[in-house]
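Protein sequence lines correspond, in order, to chains C and Y. FYI, my numbering numbers position 36 of the first sequence as 36, with every residue one higher than the one before it. FYI, my numbering numbers position 15 of the second sequence as 15, with every residue one higher than the one before it.
Derived from the structure by calculation, the hints contain no laboratory data. One thing to keep in mind: the hints can contain errors.
Said to hold, decoys possible - Estimated spans, in silico, between C-beta atoms of each pair: (1) Y:Lys-82 with C:Thr-93: 30 to 38 Å; (2) Y:Lys-182 with C:Ile-19: 45 to 53 Å; (3) C:Gln-144 with Y:Asn-105: 44 to 52 Å; (4) C:Lys-179 with Y:Ser-180: 54 to 62 Å.
Said to hold, decoys possible - No more than 25 Å apart at the CA atoms, straight line, and that leaves these computed lysine to any residue pairs for SDA-like: (5) C:Lys-179 with C:Lys-71; (6) C:Lys-7 with C:Ser-33; (7) C:Lys-81 with Y:Asn-105; (8) Y:Lys-95 with Y:Lys-73; (9) Y:Lys-82 with C:Ser-98; (10) Y:Lys-83 with C:Val-104; (11) C:Lys-182 with Y:Ser-84; (12) C:Lys-71 with Y:Lys-73; (13) C:Lys-111 with Y:Lys-95; (14) C:Lys-83 with Y:Thr-100; (15) Y:Lys-5 with Y:Leu-175; (16) Y:Lys-73 with Y:Lys-101; (17) Y:Lys-21 with Y:Arg-37; (18) C:Lys-73 with C:Ala-143; (19) Y:Lys-112 with Y:Thr-100; (20) C:Lys-112 with C:Asn-129; (21) Y:Lys-7 with C:Glu-190; (22) C:Lys-95 with C:Glu-58; (23) C:Lys-82 with Y:Ser-110; (24) C:Lys-101 with Y:Thr-86; (25) Y:Lys-5 with Y:Lys-163; (26) C:Lys-73 with Y:Leu-74; (27) C:Lys-47 with C:Lys-95; (28) Y:Lys-111 with C:Ser-16; (29) Y:Lys-7 with C:Ser-110; (30) C:Lys-102 with Y:Leu-91; (31) C:Lys-81 with C:Leu-91; (32) C:Lys-18 with C:Glu-3; (33) C:Lys-81 with Y:Glu-106; (34) Y:Lys-21 with Y:Asp-31; (35) Y:Lys-95 with Y:Arg-45; (36) Y:Lys-21 with C:Glu-58; (37) C:Lys-179 with C:Glu-17; (38) C:Lys-81 with Y:Val-14.
Positions of the beta carbon are idealized from the N, C-alpha and C atoms, including for glycine.
For reference, the chains in residue letters:
Protein chains: 2
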Amino acid sequence: MNELKEKILQEGIVLSEKILKVDQFLNHQIDPSLMERIGEEFSERFKNDRITKILTIESSGIAPALMTGLKMKLPVVFARKKKSLTMVDHLYTEKVYSFTKKTVNEISVSKKFISSQDRVLVIDDFLANGEAAIACLRVLEKAQAEIVGIGIVIEKSFQPGGKRLREMGIRVESLVQIKSLKNGKIQFVENE
Amino acid sequence: MNELKEKILQEGIVLSEKILKVDQFLNHQIDPSLMERIGEEFSERFKNDRITKILTIESSGIAPALMTGLKMKLPVVFARKKKSLTMVDHLYTEKVYSFTKKTVNEISVSKKFISSQDRVLVIDDFLANGEAAIACLRVLEKAQAEIVGIGIVIEKSFQPGGKRLREMGIRVESLVQIKSLKNGKIQFVENE
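In isolation and in its complexed conformation, chain C is listed as follows:
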């Protein structure tokens, strides 16, 4: 997605060989028009897959997932990292290990929002080690829902998440794939 690549080149900041900061348009400040086009792109890629529901994780996944849901006319569920006061239902809960922070977090989804009838598209902002995506897959497995694919805004291809998921047979659609952040330079995978 060329427009997204240009935005990353213009506004992304390489903080280290592993960390790209895109808080100018994706995960702190949001560019709604760009999110709309991201939603259109995911919608186009998964239009023939009879998807019934979109699943993401708060907070940075919400914007691209919501726009995809708007374009596909589908409900969006965001897994919560904290259980809220009103989450009195039965929940699917999974652990997510963060390699960068060396912490374990939990995500929870109310059982009533994912059923064995659902064909689910998972959307997230970043794919690095794949831990968050795999936690979503485990939720879907418990719910006996079908995972149709994963839509990722920015895949860091030099980290193992994309390979792990594809080797599990999961369809992963990344709007851009980053090959390297070495020497402060953003290099994309060219044959996307």
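Since the structure of chain C is provided, determine the placement of chain Y on it from the hints.
Coordinates of chain Y only, in the frame set by chain C:
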């Protein structure tokens, strides 16, 4: 906003005299079409106010704020409850006291996203005691930005937040106002 009232009556669950659960369409599962119409409504109400930026708080404020930003063609900033690894900039940080949970949390906004040139619309899903909204106002005050108004999806008028804010001279636009949740029954303020 009649459509929102109907949705609340159909899908809202009264958990107690103070707590209305709307996780079916607002803060766990999201109805993107309803969010779009909420965005249109806020856009219509603030269209003549020369707003330059929308501010909300993760996570439940993101969906209505994003749709308002889309309709108004404005960037959206969401205040973060946790400081992320990439938040290495100078931050505005404010405490938010939660009456229900009896805890103090912090919200942070990067200084680079709010300037003294900005005319800001704050959007949030709920208004109860007003603590979150007031934390946003303090961020805007520190940034010397102008607060144009606050757009709320659901105001619980039996709690003091709306009165507090209006007495401070803040324009508060709530799409629905709930008068009471007593006896498990949702009653709206009629003269909205």
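Structure-based check of each hint:
{"no.": "1", "hint": "Y:Lys-82 with C:Thr-93: 30 to 38 Å", "result": "19 Å, violated"}
{"no.": "2", "hint": "Y:Lys-182 with C:Ile-19: 45 to 53 Å", "result": "50 Å, holds"}
{"no.": "3", "hint": "C:Gln-144 with Y:Asn-105: 44 to 52 Å", "result": "36 Å, violated"}
{"no.": "4", "hint": "C:Lys-179 with Y:Ser-180: 54 to 62 Å", "result": "58 Å, holds"}
{"no.": "5", "hint": "C:Lys-179 with C:Lys-71", "result": "29 Å, violated"}
{"no.": "6", "hint": "C:Lys-7 with C:Ser-33", "result": "12 Å, holds"}
{"no.": "7", "hint": "C:Lys-81 with Y:Asn-105", "result": "15 Å, holds"}
{"no.": "8", "hint": "Y:Lys-95 with Y:Lys-73", "result": "30 Å, violated"}
{"no.": "9", "hint": "Y:Lys-82 with C:Ser-98", "result": "14 Å, holds"}
{"no.": "10", "hint": "Y:Lys-83 with C:Val-104", "result": "16 Å, holds"}
{"no.": "11", "hint": "C:Lys-182 with Y:Ser-84", "result": "22 Å, holds"}
{"no.": "12", "hint": "C:Lys-71 with Y:Lys-73", "result": "18 Å, holds"}
{"no.": "13", "hint": "C:Lys-111 with Y:Lys-95", "result": "33 Å, violated"}
{"no.": "14", "hint": "C:Lys-83 with Y:Thr-100", "result": "14 Å, holds"}
{"no.": "15", "hint": "Y:Lys-5 with Y:Leu-175", "result": "9 Å, holds"}
{"no.": "16", "hint": "Y:Lys-73 with Y:Lys-101", "result": "36 Å, violated"}
{"no.": "17", "hint": "Y:Lys-21 with Y:Arg-37", "result": "20 Å, holds"}
{"no.": "18", "hint": "C:Lys-73 with C:Ala-143", "result": "22 Å, holds"}
{"no.": "19", "hint": "Y:Lys-112 with Y:Thr-100", "result": "32 Å, violated"}
{"no.": "20", "hint": "C:Lys-112 with C:Asn-129", "result": "29 Å, violated"}
{"no.": "21", "hint": "Y:Lys-7 with C:Glu-190", "result": "46 Å, violated"}
{"no.": "22", "hint": "C:Lys-95 with C:Glu-58", "result": "14 Å, holds"}
{"no.": "23", "hint": "C:Lys-82 with Y:Ser-110", "result": "23 Å, holds"}
{"no.": "24", "hint": "C:Lys-101 with Y:Thr-86", "result": "12 Å, holds"}
{"no.": "25", "hint": "Y:Lys-5 with Y:Lys-163", "result": "21 Å, holds"}
{"no.": "26", "hint": "C:Lys-73 with Y:Leu-74", "result": "23 Å, holds"}
{"no.": "27", "hint": "C:Lys-47 with C:Lys-95", "result": "31 Å, violated"}
{"no.": "28", "hint": "Y:Lys-111 with C:Ser-16", "result": "22 Å, holds"}
{"no.": "29", "hint": "Y:Lys-7 with C:Ser-110", "result": "19 Å, holds"}
{"no.": "30", "hint": "C:Lys-102 with Y:Leu-91", "result": "24 Å, holds"}
{"no.": "31", "hint": "C:Lys-81 with C:Leu-91", "result": "12 Å, holds"}
{"no.": "32", "hint": "C:Lys-18 with C:Glu-3", "result": "22 Å, holds"}
{"no.": "33", "hint": "C:Lys-81 with Y:Glu-106", "result": "16 Å, holds"}
{"no.": "34", "hint": "Y:Lys-21 with Y:Asp-31", "result": "15 Å, holds"}
{"no.": "35", "hint": "Y:Lys-95 with Y:Arg-45", "result": "29 Å, violated"}
{"no.": "36", "hint": "Y:Lys-21 with C:Glu-58", "result": "18 Å, holds"}
{"no.": "37", "hint": "C:Lys-179 with C:Glu-17", "result": "11 Å, holds"}
{"no.": "38", "hint": "C:Lys-81 with Y:Val-14", "result": "23 Å, holds"}
When each numbered hint is compared with the structure, violations occur for hints 1, 3, 5, 8, 13, 16, 19, 20, 21, 27 and 35.
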